[in-house]
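Protein chains in written order, with the numbering used here: chain A, -6 to 148; chain B, 4 to 783; chain C, 6 to 285.
By construction, these hints were calculated from the structure, which means they are not laboratory data.
A few of these clues could be false.
To be clear about the criterion: a stretch of chain B counts as covered by chain C if any three or more of its residues have a C-beta under 8 Å from a C-beta of chain C, and this derived list gives those stretches [claimed, not checked]:
id, region
1, 133 to 143
2, 712 to 719
If the Cβ cut is set under 8 Å, some of the chain A residues that face chain C in the computed set are [to be verified]:
id, residue
3, Met(-6)
4, Ile(-3)
5, Arg13
6, His35
7, Arg51
Built from N, CA and C at the ideal position, the CB exists for glycine as well.
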Amino acid sequence: MHDIAFTLNGRPWSLRVEPRRTLVDAIRDDCGATGTHIGCEHGVCGACTILLDGEPVRSCLMFAVQADGRALRTVEGLEKDGALHPLQRAFIDHHALQCGFCTPGFLMLAVGVLERTPNISDEALTDVLSSNLCRCTGYQNIVRAVRAAAEEMAP
Amino acid sequence: MSKAVADAPPRLAPGKGRVLGQPVARLEDGPLVRGRGLFAADVNFPRQLAMRVVRSQIAHGRLVSLDTAEARALPGVVAVWTAAEVSDIPPIPFRATKVRGLEPYCQPILARERVRYVGEPIAVVFAEDAYIAEDAADLVVAEIDELPVVLDAAAEPAEFLPGNSTEPTIVRKEYGDVDAAFRAAHAVIELDLSVGRHSGVPMETRGAIARYVAAHDVLELHGTAKKQHWNRDEIARLLGRPPTGVHLFEGHVGGGFGVRGELYPEDLLVCLAAMRLDRPVKWIEDRREHLVATNHSRQQRHLIRGAVDADGRLLAIDDVFFHDQGAYVRTHGARVADLAAGMLPGPYRLPAYRVAGHFRLTNKTPAATYRAPGRFETTFVRERLMDAIAVRLDLDPIELRRRNLVTEAEMPHVRPVDTLGVDVVLDSGDYIGLMDQALAQFGWDAVQRDLTARRAAGDCVGAGLAFFVEKSGLGPSDGVRISIDATGGVELVSGAASVGQGMETALAQICAEALGVDYRRIRVVRGRTDRIEFGNGAHASRVTVMSGSATYHAALAVRGMALDTAAQLLQARPEDLAIEDGQVVRAAAPGVPLIALAEVARQMGPNSPLMRGRTPGLTAERWFYSEHMTYPYGVHLALVRIDRATGEVRVEKYLVANDVGRAVNPMMVEGQMVGGFAQGLGGALFEEFRYDERGQPLSTTFADYLIPTLSEMPAVDVLIAEDAPSPLNPLGVKGAGEGGTNAVGAAIAAAVDDALRRPGAIVSLPILPRTVRRHTEEPT
Amino acid sequence: MKPAAFEYHMPRTVEEAVAILARVAPLDGRVLAGGQTLVPAMALRLARPSHLVDINRVAGFDRLDVRDGMLEIGPCVRHAALDRSAAPGPLGRLLGLVQPHIAHHPIRTRGTFCGSLANADAASEWCLTAVALDARIEARSGRGTRSIPADAFLLGYMTTSLEPDELLVRARLPLLPDDARVGFYEYARRAGDFAQVMALVTYAVRGGVVAAPRIALGGLESRPRRMAGAEAAIVGRVPDALAFRSAADAAADALGPTEDPDYARTLATTAVLRALAAAA
């Protein structure tokens, strides 16, 4: 067992984990933050996407021990002081979710990318949003929502 | 006012309402965008055990022995069960078939003497956590004597069990004099067409969490979906408990699409274990399991013949098809084959029809419904036939359809055939009118000119269309109870379920419109057997039609009660009053609130003097019944480009036109169309469960089972028509869940043929690059 | 899909990493870098290493710089870092063409160049790049450091000449001459999928004719490789459609046995033609 510490949405956590415990299992089951979902556990669907020191990563493809000393952000950290993040708001306004299972992964993917590249081109945005799978929406409204939020987030 | 008119059920006035028909934001979204949903894996109970299923790695064989000693010895393992431990539990029953004789083909919850597909549960492990459970499952050693596999449903049937062949039934339907029609035909067109095996594959895998609450003698099952009441009754029956001692709970469901919420072996196993081991038991399917364990769908081969007169008018269709059911007959019985047989004629005037659907078992994952079951397949088959007829008779494919589509004047159109046990009566529609609207919106003529120019420039491009008829609103009944509490909050309890489609918002909109309250103040309760006695769940595009109509009636009843009470309090006549935004007002002066619904509800409480001698509460339950289904319809148009060298097909432009009678929330209807299209696109070009010659599945990860990403999606345009409201329900609605998927394979196949300039080239789905490549010329 | 148990090691220096690997290699110890190939294999329990040596915190392993005409890539340099700005001139341009084809954005933020080589997937873009440009791969163990040419490193499907106790400590890609043209083509079923076929070409035009051509093909055989016949077919010729066609045909002629030879031939020809055209 390994003792690790990280911050999740700014809050410090200390855990004792088995090396094989995946980061997503630690976030969900040890920290109780079940907003990050598990869709495939082999790195294809993107439902478990979180931000690791600001970069979108698949949390099913990392072990919790590897997150020692790192800053993690998940969907639960997007809302600030009762106000939804512009992306959350845009997902509602543009009907970018149906069942909502893939939504946290898409939100964190988009947050991570837009924070670094607020003026992302359409082509680059298509490439980025092709990273994750959605089975309900056909993606069209996800693109619209992210585009709308990008405009709001741009400085 | 005559008696008859007074008794006629009220019908909602046509047109957009204050909230009904408006693209309002969904009630569901708040928790979901915050990561506060409650999906199956989010459910946890103290002291819970993790269940892991040991699955057959052999497609067909005699189960000689199972050695579980090493697994049992692993620290953290609480129990390991094989068939011997669950021999008292009957196999999974049917809920949706009238076909007799299917019982020998039911799936046991753990394999007994035989294994019949890779992925079949043969043992289960219960352990302290999911990691240990998987370690232990790996230690279970199965000795299986391999037997020959059946992988082709069109091959001669084999023996399933002594005395039972792998063809339990043939679904036959027939009307008219088919043989005479073929004898008299100007031309007969024959095709051999196949649809590949694919399925719903929701982003959330299945999950089941059971606990037995001894204090109340109640068994709870969480993580459920779709058919809670039926599943509750069956679980109770199979475990020998009264239904009141079993309750099913629905949290959030990460996509249904037909496959979620059926009763599977794992549901029974967690329930049984929670009782026997006296600890909560949690099972979460992993993705590799999902791809071999959850229902597959679609795989059929059709040998279809069409007889036409010299003008291209259909005289008869004679279809023989082979339905690949997989290894067992699950809860749906022969439903998909029945739907295929019943819905194949689609939108066309067809004087004579004969179909024989060979329902056959193979050594693959069992199959059942997937969004537009039996229709995705038969629309492909029927529209391929129509395209082939057009070619044979040298007719424009649109003109050919125009000649054969049932006209508005012929509605309602009775087809002497049944499906799902109810007669097919096409209730309403202006098929030709919608086709014309769709052609205009797509810019068909301009597209044709553009195609000519692009072909001249060397592009391999083409366009195609396909017409479809859907079915929705399967009865027979659904009930809704609406209550207003003393704060003015409205609770709507429905026997339906949510699979993420937005039913809470839709029902709230209908309730709000009828009742006169803000839809955001309505709490919709669904998928819970402890809150309403009966329910029929969410499937077959039935919720908006059935539960929506029940909601409308219940809301009107509550409104009437509220106005009666308010009239007493205000000493007014109820007919002079109305409800606006939760306030009772004078109809003549709607801006002036007289009394709040909250106050009316208080006055109707059990201790109120007003209620003395009456049943208290501002609450009403109403039921809606329907003998017939309602039939949405539409047309899909596709423009594709082919890379001649690789054979890659890209859809450049797409239109889904669909008449849904009335769109309760156009934003959500459009979402259904576009999302439905994406699934159809998967089935048309990408998704396929493949097997090798020994029955080993080859599509067991998301790297092999190819779900379209954003990059594969074209811009999809949607035409939502409300030209033909259904006469069968007070709202005029028809289901909107499946029309986006129905005709995708058919329309893309037509467009690919057109691009290749080879009519009839595409005879199977999915359309694979190497197949297309065989039809193209040398790379340029 | 939970991985089997393993012991975890997190060395801070290369010496420590090599020492641990030497100890655990005989026990089926494996190196963990980006984990984007190994961890899925562990989740599927196709890989069950008893030890993992996580090199992500080894000092200096994320170094990426140009030295002596070579781009030196440390073992923890992520795919995302290998964009156009990673190297001057045509090599940077080439990396910028290739990198976006590797899986998806969140994979590119974690997966590493050297990890791709060590896993030797037949459809890996970086393996193709490495053989096309004659990359040198440095392997270090208790026995010292050796430098292996990419073609000798990539032996076959998911097989390399790396010994179990050897740690891949650096890959070196030669810079391309200023007049080098570069082209890359890939066909995958979906965005980010493994390539059905891919071709990478570079050549110069000197005195109006093709000089120093390199043509590599991947995705069809068990490993990517340079197509000598294709290079021979084009060197010294005017870079026109006819010459490109000869090169493409020569590449297809040299294909080994494949599942569907006709389709493989078409894909090979197409990929080489399109990569050459993109470079022109």
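Hint check results:
no., hint, result
1, 133 to 143, "holds (count 5)"
2, 712 to 719, "holds (count 4)"
3, Met(-6), "10 Å, violated"
4, Ile(-3), "11 Å, violated"
5, Arg13, "5 Å, holds"
6, His35, "4 Å, holds"
7, Arg51, "5 Å, holds"
The structure fails to meet hints 3 and 4 from the earlier list, while all remaining hints are met.
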